[in-house]
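On the provided structure of chain A, position chain B as indicated by the hints.
These protein sequence lines are chains A and B, in that order. According to my numbering, the first sequence is numbered sequentially starting from 1. According to my numbering, the second sequence is numbered sequentially starting from 1.
If you are wondering where the hints come from, they were derived from the structure by calculation, not from laboratory data. Treat the hints with caution; some may be incorrect.
Said to hold, decoys possible - Computed list of chain A residues with no C-beta within reach of chain B, every gap over 10 Å:
| no. | residue |
| --- | --- |
| 1 | G45 |
| 2 | D72 |
| 3 | D123 |
| 4 | E159 |
| 5 | R181 |
| 6 | K192 |
| 7 | T303 |
As the list claims (entries may be wrong) - Incomplete in silico selection of chain B near chain A, CB under 8 Å:
| no. | residue |
| --- | --- |
| 8 | G13 |
| 9 | I123 |
| 10 | G263 |
As the list claims (entries may be wrong) - No more than 30 Å apart at the CA atoms, straight line, and that leaves these computed lysine-lysine pairs for DSBU-like:
| no. | chain 1 | residue 1 | chain 2 | residue 2 |
| --- | --- | --- | --- | --- |
| 11 | A | K296 | A | K265 |
| 12 | A | K8 | B | K261 |
| 13 | A | K218 | B | K261 |
| 14 | A | K231 | A | K194 |
| 15 | A | K194 | B | K261 |
| 16 | A | K265 | A | K293 |
| 17 | A | K220 | A | K270 |
| 18 | A | K33 | A | K194 |
| 19 | A | K218 | A | K23 |
| 20 | A | K75 | A | K23 |
| 21 | A | K33 | A | K220 |
| 22 | A | K127 | A | K194 |
| 23 | A | K218 | A | K265 |
| 24 | B | K193 | A | K75 |
| 25 | A | K220 | B | K261 |
| 26 | B | K261 | A | K23 |
| 27 | A | K75 | A | K116 |
| 28 | A | K33 | A | K218 |
| 29 | A | K79 | B | K261 |
| 30 | A | K293 | A | K67 |
| 31 | A | K75 | A | K33 |
| 32 | A | K127 | A | K116 |
| 33 | B | K261 | A | K67 |
| 34 | A | K33 | B | K261 |
All C-beta atoms, glycine included, are put in the ideal place defined by N, C-alpha and C.
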Amino acid sequence: MSDAIEVKSVTRVFGGNGKGPAKALDDVSLSVKEGELFGLLGPNGAGKTTLIKILATLLLPSSGQVKVLGYDVEKEVDKIRPRINMVSGGDVGGYGLLTVRENLWMFSQFYGIPTKEANERIDHLLKLFALDDKSNAKVRTISTGQKQKMNVIRGFVTEPDVIYLDEPTLGLDVNASFAIRTYLRKWVKEQKGKTMLLTTHYMVEADELCDRVAIIDKGKILACDTPINLKRMLRRSSTFDVETTIFPEIESMGRLAGVEGFQVKQLGDKVVTRYVVEQESVIADVISAIQSKGGKLTSLSKTEPTLEDVFIHLVGRGLE
Amino acid sequence: MIDWRLQCRAIYGRAYPRAIGALREPSWMFFDIFLPLLSISAFIFYYRALGAPAVYEGFVVIGGAMTAFWLSVMWGMATQFYWEKETGNLELYMMAPMSKMSILAGMALGGMFLTSVRAISTIVLGVIIFQVQMQLTSPLLLVFAFIITLIALYGMGMLFSSLYMFWGRGAWHLSNLMQEPIYLVSGFYFPVKQLGFYVAMAASIIPITLGLDSMRQILFGAGANGLLPVVEEIAILCVVAVVFIIAAWYSLRHMEYLGKKEGRLVLRSQ
Chain A
1 MSDAIEVKSV
11 TRVFGGNGKG
21 PAKALDDVSL
31 SVKEGELFGL
41 LGPNGAGKTT
51 LIKILATLLL
61 PSSGQVKVLG
71 YDVEKEVDKI
81 RPRINMVSGG
91 DVGGYGLLTV
101 RENLWMFSQF
111 YGIPTKEANE
121 RIDHLLKLFA
131 LDDKSNAKVR
141 TISTGQKQKM
151 NVIRGFVTEP
161 DVIYLDEPTL
171 GLDVNASFAI
181 RTYLRKWVKE
191 QKGKTMLLTT
201 HYMVEADELC
211 DRVAIIDKGK
221 ILACDTPINL
231 KRMLRRSSTF
241 DVETTIFPEI
251 ESMGRLAGVE
261 GFQVKQLGDK
271 VVTRYVVEQE
281 SVIADVISAI
291 QSKGGKLTSL
301 SKTEPTLEDV
311 FIHLVGRGLE
Chain B
1 MIDWRLQCRA
11 IYGRAYPRAI
21 GALREPSWMF
31 FDIFLPLLSI
41 SAFIFYYRAL
51 GAPAVYEGFV
61 VIGGAMTAFW
71 LSVMWGMATQ
81 FYWEKETGNL
91 ELYMMAPMSK
101 MSILAGMALG
111 GMFLTSVRAI
121 STIVLGVIIF
131 QVQMQLTSPL
141 LLVFAFIITL
151 IALYGMGMLF
161 SSLYMFWGRG
171 AWHLSNLMQE
181 PIYLVSGFYF
191 PVKQLGFYVA
201 MAASIIPITL
211 GLDSMRQILF
221 GAGANGLLPV
231 VEEIAILCVV
241 AVVFIIAAWY
251 SLRHMEYLGK
261 KEGRLVLRSQ
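Excised from the complex, chain A in its bound form:
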């Protein structure tokens, strides 16, 4: 199977807004095979969107080479653009005065799809996303979730060979996110040879959907493999969720000997801390340290490693 996307030693530098040049991508290399659902996982500002904009022919790399479907993104944009599309979470696109159907039809015209064919595809997708009852509603009158469903339909109505989804479920409720994820999974399974690159900072989404995942932080790819293999990286480590009362200097716990990763979440007057530790015995030192700082242990559980744990292990902190 050939590569749909090839990224070789790509660096992208922005002006930096008076603070000196800012490196959004730093010597990034990766490849995505045809028919693959590839995830790019990283926190805000990691460089995910910059990479997608380069792949979407909207931004030039400062150095390095990028090919999509075998064509160079700098020199052969005309061969790439008819075969790609992009959906960004948060950006809906289109015009509020037009109806959902009119907006989708308008974007289909930019790809030269005959009106009859475009309408058939739009009808089919509106039904799949349970949005058919809103097809004649003006976009400004529908909910955020419905707008994002329309946005996703816009990306697929042109039947691209490669689609980029940049945080497609950002800010959506559970039902809307579920509907979108269900469709994405179905699309890659049913449409042979179609490729999807998904950026997200929802670990579960990446774990559930992606064939392979690259973890990116501060413009660098830290790891790239299947979710299963990434989680195997932590086989020698152990992950514990420790619930305690709030105690001082909680952040210093991440610096204890043997603690490889550390993430804190405050829940009311309690704190749930996830520790990725080298050996199970380290957790005893952690508990002693908590007690010496005045914290009171309320629960302790060992968990199976997740992509989030892999991220914590690689980056040293959580996404949030």
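Only chain B this time, still in chain A's reference frame:
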């Protein structure tokens, strides 16, 4: 090779929201017909108070109607890509396979249609209310002068649009700055020849200057006090239209390249 079917679909697609979408806002009748009528009325009463020839009232009605096109070019064309960038549409346009000139052409055609409906409403109401007398000698020539004026004017809008895509908010302020001065130098409410031949010729870089002057000559005859003979004015407008459209094409390509290089296509709120 150019895929003309794709380009035509893209032009139609982009013209659609302009032509149909905006007519869904009934408030346009107040802002685009009633308000221009007020400024027309002010000039007409001013001319009447001064005892100016009746033909000046006709100048004002035509000039007042043409302000809608100038505003459409400044705010509906030139600054449009700035707004499209802020709403996320520009990225989708740039990523799509059609020529970006088709997007500009669609915006222009939709804008022309919508603004023509508004301008004609203003003329009809102005003529009825103020009893403007016209001596239309050649309707065909009038239609041709009107169409070539619009092509040249929207060609200029396409050029500005590509420039504004790169300059962002700074260029938006330029549009503000260009609004009233053009009313003056293009002679929206008086024969442009009054400014002196050389000033009027310099102002002719704005297509609406010669467009207005030629249409007034066709509608009001010798009383229009024209700058150049109508045929010469139309010939210049044809040249200007071609120059603006070609310049817009080059500018758009160059600005797209710069935008991709400097990241301005994807960075917002500049």
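Straight-line alpha-carbon gap A/K75 to A/K23, limit 30 Å: Between A/K75 and A/K23 the Cα gap is close to 23 Å, so the pair holds against 30 Å.
Given as non-interface: A/T303, which should sit over 10 Å from chain B by C-beta: For A/T303, whose nearest Cβ neighbour in chain B is about 38 Å away, the distance exceeds 10 Å, so it holds.
Assertion that A/D123 lies outside the chain B interface [Cβ separation over 10 Å]: holds (18 Å)
Satisfaction of hint between A/K23 and B/K261, Cα-Cα up to 30 Å: holds (14 Å)
Given as non-interface: A/D72, partner chain B, CB spacing beyond 10 Å: holds (13 Å)
Restraint status (C-alpha distance of A/K33 to B/K261 at most 30 Å): The given pair, whose Cα atoms are some 27 Å apart, holds under the 30 Å limit.
Restraint check for A/K8 with B/K261, where alpha carbons must lie at most 30 Å apart: holds (18 Å)
Proposed interface contact between B/G13 and chain A, which counts if any beta carbon pair is under 8 Å: holds (3 Å)
Holds or violated: A/K293 to A/K67, with C-alpha atoms at most 30 Å apart: violated (54 Å)
A/K33 paired with A/K218 [C-alpha distance capped at 30 Å]: holds (24 Å)
Pair hint A/K75 and A/K33, alpha-carbon separation not exceeding 30 Å: At roughly 22 Å apart (the allowed maximum being 30 Å), A/K33 and A/K75 satisfy the hint.
Assertion that A/G45 lies outside the chain B interface [Cβ separation over 10 Å]: holds (14 Å)
Hint compliance for this structure: hints 9, 17, 24, 27 and 30 are not met, and every other hint is.
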